[in-house]
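> Okay, here's what each chain looks like letter by letter:
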Amino acid sequence: MIVEVKNIAKTYDNGVEALRDVNLSFPKGQLSTLLGPSGCGKTTLLKIIAGLIPRNGGEVLVNGKPVDGPGPERAFVFQDFALLPWADVLRNVAFGLELRGVERKQREETARRYIAEVGLKGFEHRTPAQLSGGMRQRVGLARALTVNADIILMDEPFSSVDEQTRRKFQEDLLDLLRHHQKTVIFVTHSIEEAAYLSDQIALLSPRPGTVSRIVRPDVDRKKAPDEIRRDRGYLDTVDEIWGMLRQYV
Amino acid sequence: MKSDFGQRGWQLASFVFFFALWELAGRWPVSPAFPPFSQTAVGLWEMILDGTLGKAYLITAQPLLLGVALCAVAGIAFGIGMGLSRAIEWLSLPVFIILQAAPMAAIIPLLTYMYGIGLTSKVLAVIMLAAPVIVMNSYKGIRNTPPSLLQMCRSFQGTRVQEVLKVVLPHAAALIFTGLRLGLAMGFIGIVIAELLITPTGIGDLISYHSSVADYPKMFATIASIVAVAAISLHLLQRLERRLFP
Numbered sequence: 000m001i002v003e004v005k006n007i008a009k010t011y012d013n014g015v016e017a018l019r020d021v022n023l024s025f026p027k028g029q030l031s032t033l034l035g036p037s038g039c040g041k042t043t044l045l046k047i048i049a050g051l052i053p054r055n056g057g058e059v060l061v062n063g064k065p066v067d068g069p070g071p072e073r074a075f076v077f078q079d080f081a082l083l084p085w086a087d088v089l090r091n092v093a094f095g096l097e098l099r100g101v102e103r104k105q106r107e108e109t110a111r112r113y114i115a116e117v118g119l120k121g122f123e124h125r126t127p128a129q130l131s132g133g134m135r136q137r138v139g140l141a142r143a144l145t146v147n148a149d150i151i152l153m154d155e156p157f158s159s160v161d162e163q164t165r166r167k168f169q170e171d172l173l174d175l176l177r178h179h180q181k182t183v184i185f186v187t188h189s190i191e192e193a194a195y196l197s198d199q200i201a202l203l204s205p206r207p208g209t210v211s212r213i214v215r216p217d218v219d220r221k222k223a224p225d226e227i228r229r230d231r232g233y234l235d236t237v238d239e240i241w242g243m244l245r246q247y248v
Numbered sequence: 000m001k002s003d004f005g006q007r008g009w010q011l012a013s014f015v016f017f018f019a020l021w022e023l024a025g026r027w028p029v030s031p032a033f034p035p036f037s038q039t040a041v042g043l044w045e046m047i048l049d050g051t052l053g054k055a056y057l058i059t060a061q062p063l064l065l066g067v068a069l070c071a072v073a074g075i076a077f078g079i080g081m082g083l084s085r086a087i088e089w090l091s092l093p094v095f096i097i098l099q100a101a102p103m104a105a106i107i108p109l110l111t112y113m114y115g116i117g118l119t120s121k122v123l124a125v126i127m128l129a130a131p132v133i134v135m136n137s138y139k140g141i142r143n144t145p146p147s148l149l150q151m152c153r154s155f156q157g158t159r160v161q162e163v164l165k166v167v168l169p170h171a172a173a174l175i176f177t178g179l180r181l182g183l184a185m186g187f188i189g190i191v192i193a194e195l196l197i198t199p200t201g202i203g204d205l206i207s208y209h210s211s212v213a214d215y216p217k218m219f220a221t222i223a224s225i226v227a228v229a230a231i232s233l234h235l236l237q238r239l240e241r242r243l244f245p
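Residue numbers (numbering that gives the first Met the number 0), protein chains in the order written: chain U, 0 to 248; chain V, 0 to 245.
Okay, chain U solo, but in the shape it has when bound (with noise of 0.2 Å):
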C-alpha cells in the first residue's frame, strides 16, 4: 500500500458537505480510479491527496507516513492542463524541475526525453496556444512524469479532449504508467474509462461523497487494446458499474 486515506472528512467554508469518512488504499503500481457522478467530491478527495486543499478531519499516509501539503513523491496532472501560455512545451515540461532549482541544461535535457517520450518530440518550441487539447494534456502528463514521482494524480485529464484523440491517449498512457512502474490515482465520471484503465475502480456515492462499492475489473491486461474493449470482463465491468451508479442518476 502506498497511499492510505483513513476517515477523511471535508467540510466547504459554504457548509456543504464534500467527503464524509472517507477510507482507501492504493495499491503500489496499480492505476486507481475514483468514479462516481458530478458533485461526489472526487475531485476534492484527489486534491486533499495531493495537498492541494485542507482537509477537516482524518489522515493521509504515503509510505506509511502522515503528509500535509504536495510533496516530491506525488505529482499532480490537471483537468485544465495548467500550462504556463507564455512559455513553450519545452520550459512547460521541465517547470517542475526549474521550481525545484536544477540546472537549466540537465533540467531541459530531462524534459526532451519525457517530451519524446508522450510522443511530442518536434513540438519542444511550441507553445500551448499553438496545441490541440490532446497534446495540451500530453505536456501535462509529460511534465508529472519528468520531476521523476512514484505517485501520479489525474484530475480527469481527458475531459477534455475529444473522443478519438482521447481513445489513443488512454492506451499510450497504459503502456506509459506500465513501463515507469507508476502508481497511479485517476479521477473520472467515465465509466468505460474507468473499467478500461482501472486496476481497482472506487465508487463513490455524491452529498456527501462516501465509497459505495470497490470494484476490481477483471480484465486481461496483457490483451491488445481493441481486444481489451470486446473482452467480457470489461463489458461486465461497465454493466456492473452502470447497475450501481443509475440509483444516484
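No lab work stands behind these hints, which were simulated from the structure alone.
Here the structure is a predicted model, which is why all the values come from computation and not from measurement.
Glycine residues also receive a C-beta, built at the ideal position from the N, C-alpha and C atoms.
Possibly wrong hints are sitting among the right ones.
Just some of the chain U residues that point at chain V, by a computed CB distance under 10 Å [claimed, not checked]:
| # | residue |
| --- | --- |
| 1 | A8 |
| 2 | L83 |
| 3 | A143 |
Per label pair, the in silico range of CB-to-CB distance [said to hold, decoys possible]:
| # | chain 1 | residue 1 | chain 2 | residue 2 | range |
| --- | --- | --- | --- | --- | --- |
| 4 | V | I87 | U | L60 | 36 to 44 Å |
| 5 | U | N13 | V | S207 | 56 to 64 Å |
| 6 | V | V160 | U | P65 | 25 to 33 Å |
| 7 | U | Q163 | V | A223 | 36 to 44 Å |
| 8 | U | R206 | V | A101 | 35 to 43 Å |
| 9 | V | R159 | U | H179 | 30 to 38 Å |
Starting from the known structure of chain U, arrange chain V on it as the hints suggest.
Chain V only, in chain U's frame:
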C-alpha cells in the same frame, strides 16, 4: 496582404472624407470661429516652421512624462502590492475606486490652492488621472491569475517567491502594460486640463492665447495636433503591446 491594403485604403478614405467635411463646414461657415481644414493646416505648418509648436510640446511633455513615469513605478508597485496582500487591498481599494469615479476636472483647481501654479500641480494632475487605471490594472492582473496555475506551482513544491516571480508576475504583465497605455491616455487628458485650468503653459498656453487673439486656425491646429500626438503614441504603444504579449 490584399485585405491589408483594402483596410489601409478604407482608413485613408475615412480621413479624406473627414477633412473634406471639415473644409466644407468651415467655408459654409458654421461659425466665424470655425476655420476650414485648409486654413488650419496652414496655421499648423506655420507653427511647426517658427518653432512655437515644438517649444510648447517640450514644455507640456515635462509634467506629462514625469507624472506617467512616477505612476509607472509607484503605481505598478502599489497595484502589485494590492494584488498580493489582502491588507493593502482592503486599505486602498476603496480609494482607487472613488478616484476612478470622481470628476477630476472639478478637483484639479483644488491642487492650485495646495501646491500653487508650478510644475508640481501639473504633475499631480497627471498622476491623479493616470494613477487609478495603472494601479487597478496591475492589481487585477495579479488577482486574475488562474487558480489552477497557482495550484500547479504548489503541487511541484514551488515557494511563494517562485510562485510570484514565475507565475503571477508573468501572467499579470500583459494587463499591467495595458494599464500603462491607458494611464498615458488619461495623462494626456490630465495635462491638457491642467494647462488650461491651472496656468496656461505649453499646449494649453497656445490654445488659450490663440483663442484670446481670435487666431482660430492656429487654435484649432493646436487642438488637432494634441489629438494626433495622443492618438499616434497610444496606437504605437498598442502595437508594441501586441508584439510583446501576443
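> Could you work out which of the previously given hints the structure breaks and list their numbers from low to high?
1, 7, 8
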